[in-house]
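Colleague: Place chain V on chain A using the hints.
Chains A and V are the protein sequences, given in the same order. Note that my numbering numbers the first sequence so that position 10 is 10, with each residue one more than the last. Note that my numbering numbers the second sequence so that position 28 is 28, with each residue one more than the last.
Read the hints as simulated data drawn from the structure, not as lab findings. Here the structure is a predicted model, which means the values were calculated and not measured. One should not assume that every hint holds.
One copy or two, it doesn't matter: identical chains are merged, so the pair holds either way.
Calculated lysine-lysine pairs in the DSSO-like style (CA-CA distance at most 27 Å, straight line) [said to hold, decoys possible]:
1. 2 - 31
2. 42 - 61
3. 61 - 2
4. 31 - 61
2 protein chains.
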Amino acid sequence: MKFRVHVRVLPRAGLLDPQGQAVEHALAALKFGGISNVHIGKAIEFEVNADSADRAQAEVKRMCEQLLANPVTEDFSIAVEG
Amino acid sequence: MKFRVHVRVLPRAGLLDPQGQAVEHALAALKFGGISNVHIGKAIEFEVNADSADRAQAEVKRMCEQLLANPVTEDFSIAVEG
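One chain only, chain A, in its complex shape:
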């Protein structure tokens, strides 16, 4: 079965996020108010063949640990669509 997977990889809380700060300032300069805590990372989407959604989730977790995220500086979250 084919599952569509959405992965988000974001800088770990507390680490510097200069890209996020730049966007926060740019939004303020464009007169968007009340914005805070901007964090920017990677959105990764793909399709994966697996026997079940649980298997897909486990497989994608291994991909994140081995390739998609930097375990020292980044956190990831995985969403598997049926």
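Modeller: Then chain V, alone, in the frame of chain A:
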């Protein structure tokens, strides 16, 4: 009220996505099988003050159109958390 917002900005379908192709090849090289259609973009998260979730959604849509996404080459999706 404060809403937590998750935005995904991804290259429009049909456009070249060299970063996605590189990751697809790298996953194959790591012996992850059955992966296809890898697309890579930006994950943007922040908090926004708004009167309602609908208002927040509309405000974030304008941010995407004006700053966060390139309307020619990228699509965006917005999720607002209560």
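Colleague: Would you mind marking each hint as holding or not holding in the structure?
Modeller: Hints, verified against the model:
| no. | hint | in the structure |
| --- | --- | --- |
| 1 | 2 - 31 | between (43 Å within a copy, 18 Å between copies) |
| 2 | 42 - 61 | both (15 Å within a copy, 19 Å between copies) |
| 3 | 61 - 2 | within (17 Å within a copy, 31 Å between copies) |
| 4 | 31 - 61 | between (39 Å within a copy, 14 Å between copies) |
Hint compliance for this structure: every hint is met.
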